[in-house]
Amino acid sequence: MTEMKTVGEVLVDLLEANGVEVVFGIPGVHTVELYRGLATSKIRHVTPRHEQGAGFMADGYARVSGKPGVALVITGPGLTNTITAMAQARQDSIPMLVISGVNRRDSLGHGRGLLHELPDQHGMMKTLALYSHTLLNPIDLPLVVDRAFAVLLSGRPGPVHIEIPTDVMALPIESRPGRPAAATRPRSDSETLQKAAILCADAARPVIICGVGALTAEVEVRQLAEQIGAPVVTTVNARGMLAGHPLRVPASPSLKAVRALLRDADLVLALGTEMGQTDYDLYADGGFPALRNLIRTDIDAAQLARGPQAALSILSSAKTATAGMLAFLPGHAAAKGGAERAEAARKAALKGLSAKMQAEIAVIDMIYKALPNCTIVGDSTQAVYAGNLYCDAPRQRSWFNSATGYGALGYAPPAAVGAAVADRGKPVVCLVGDGGFQFSLAEIGSAADAGAQVIFLVWNNDGYQEIEIYMVDSGITPEGVKPSAPDFPMTARAYGVPAERLADVRELPGALAQAAGRSGPSLIEIHQAKTAGVSA
1 MTEMKTVGEV LVDLLEANGV EVVFGIPGVH TVELYRGLAT SKIRHVTPRH EQGAGFMADG
61 YARVSGKPGV ALVITGPGLT NTITAMAQAR QDSIPMLVIS GVNRRDSLGH GRGLLHELPD
121 QHGMMKTLAL YSHTLLNPID LPLVVDRAFA VLLSGRPGPV HIEIPTDVMA LPIESRPGRP
181 AAATRPRSDS ETLQKAAILC ADAARPVIIC GVGALTAEVE VRQLAEQIGA PVVTTVNARG
241 MLAGHPLRVP ASPSLKAVRA LLRDADLVLA LGTEMGQTDY DLYADGGFPA LRNLIRTDID
301 AAQLARGPQA ALSILSSAKT ATAGMLAFLP GHAAAKGGAE RAEAARKAAL KGLSAKMQAE
361 IAVIDMIYKA LPNCTIVGDS TQAVYAGNLY CDAPRQRSWF NSATGYGALG YAPPAAVGAA
421 VADRGKPVVC LVGDGGFQFS LAEIGSAADA GAQVIFLVWN NDGYQEIEIY MVDSGITPEG
481 VKPSAPDFPM TARAYGVPAE RLADVRELPG ALAQAAGRSG PSLIEIHQAK TAGVSA
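full-length UniProt numbering numbers the first residue of the sequence shown as 1 and each following residue consecutively.
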């Protein structure tokens, strides 16, 4: 006899079958039926203080674990609160599954003034999500979940959305053994890969650029770079690839030194990068050079049609493409001088930054030296901006932030919680400004509840200093850039979280080591004016 379960219970079973271990969400009357099977499942539930936090936690979890992050939110405001996090995930190609409620089926589109009603919730979401589906027929649930995960795992990642009407959630359906969705990734033909390999072999000054899409291909990228003697430039979301390798260039393509390296190259191989403004033209000066013999590899055909024109486009994952090219390069003698060109670019990139930025980067280096196995999750704040221009991270997925792509404030505190939940063996340093922290200050409590080993490192410069500087430089009298801040250590202690304010930046390594020795969260404040040595 076939076992019958509710839609909510079968949903939990299907999530488990697809490897989901954690969901982030705030339960409400409009989703309680989706929670029916959660308590008896293997899935852990983490409760944020705001649904935007649920989305950012799912984002941080996905970046560290490499698996889709899952958020479970109510219809209406719960979902609209999550949209900012979905937009950040869309811009940064982060796999995220958002499951929401929606009002009962017979009310959809009628505008009867139901609680949490939107004119067209699905219509709104399909403009943002890679895939959005309203489950009108409960027996379609396995097919819908399967398609959602197939979209997440097969093409360029991003947010997907499933909404379940409140009158569908409790309906009975057959419970059948679940199976993980199949991923089908594009694979380039052998002829195209051979052509790319020949171009690489013929190049005297090749350069490789890696974006987030190349993270799963680090082994192959290293082999290819060594095989052809190519420096490897990493964008923000790929920072830490080839850590410690003489061919690495952990600096932004927006910097003059890196642009000079690319301009001088006679071949550029771009792997898994959209080549967007926040990496390649951060200052919007239009100075990114035209690239000779550009080979672009991307998993998204539409992305290959955007951006710089390529001499050769390869529709493929970076891992498959690089492995395919390597097959045609056995015994090839690497071009000479690759390591020297990479070293020159590294030195020139760092030297070309202001003394203030170099001081901020030195603080980031101090964090990694004190906690070599930590992950730094950043917000839109000055020290993070400096690190995005130059950060020699110790490994991939150990440096990421919201100051690229969508550029949301308040990202780092909840994303750091998600990162800590994804890897409980490593401390997570949340590098956040006093302004951005106030967007999601209550997530200190979420970290405490989850026992997440997050070290909230508050970079306090008494307001939105980056915007204030921009206003002054533009001849505009600063206005609205001095929001008052709470006493951050006192706020943390109100949640039962140990906290301190540093008198000197030299105290940071000891404070980090002490915080890392705790099983839960801690807070450390650095004040740009009151903490000695923090700025040049």
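No lab work stands behind these hints, which were simulated from the structure alone. Do not rely on the hints blindly, as some may be mistaken.
Derived pair list, reagent style DSS-like, types lysine-lysine, alpha-carbon separation capped at 27 angstroms [claimed, not checked]:
| id | residue 1 | residue 2 |
| --- | --- | --- |
| 1 | Lys42 | Lys67 |
| 2 | Lys256 | Lys126 |
| 3 | Lys426 | Lys369 |
| 4 | Lys356 | Lys369 |
| 5 | Lys256 | Lys336 |
| 6 | Lys356 | Lys336 |
| 7 | Lys356 | Lys42 |
| 8 | Lys356 | Lys482 |
| 9 | Lys347 | Lys369 |
| 10 | Lys126 | Lys67 |
What you are looking at is a predicted structure, and each value in this text was computed from that prediction instead of being measured.
Okay, the hints, checked on the actual structure:
{"no.": "1", "hint": "Lys42 with Lys67", "in the structure": "16 angstroms, holds"}
{"no.": "2", "hint": "Lys256 with Lys126", "in the structure": "39 angstroms, violated"}
{"no.": "3", "hint": "Lys426 with Lys369", "in the structure": "14 angstroms, holds"}
{"no.": "4", "hint": "Lys356 with Lys369", "in the structure": "20 angstroms, holds"}
{"no.": "5", "hint": "Lys256 with Lys336", "in the structure": "23 angstroms, holds"}
{"no.": "6", "hint": "Lys356 with Lys336", "in the structure": "36 angstroms, violated"}
{"no.": "7", "hint": "Lys356 with Lys42", "in the structure": "48 angstroms, violated"}
{"no.": "8", "hint": "Lys356 with Lys482", "in the structure": "21 angstroms, holds"}
{"no.": "9", "hint": "Lys347 with Lys369", "in the structure": "20 angstroms, holds"}
{"no.": "10", "hint": "Lys126 with Lys67", "in the structure": "22 angstroms, holds"}
Of the numbered hints listed earlier, those contradicted by the structure are 2, 6, 7.
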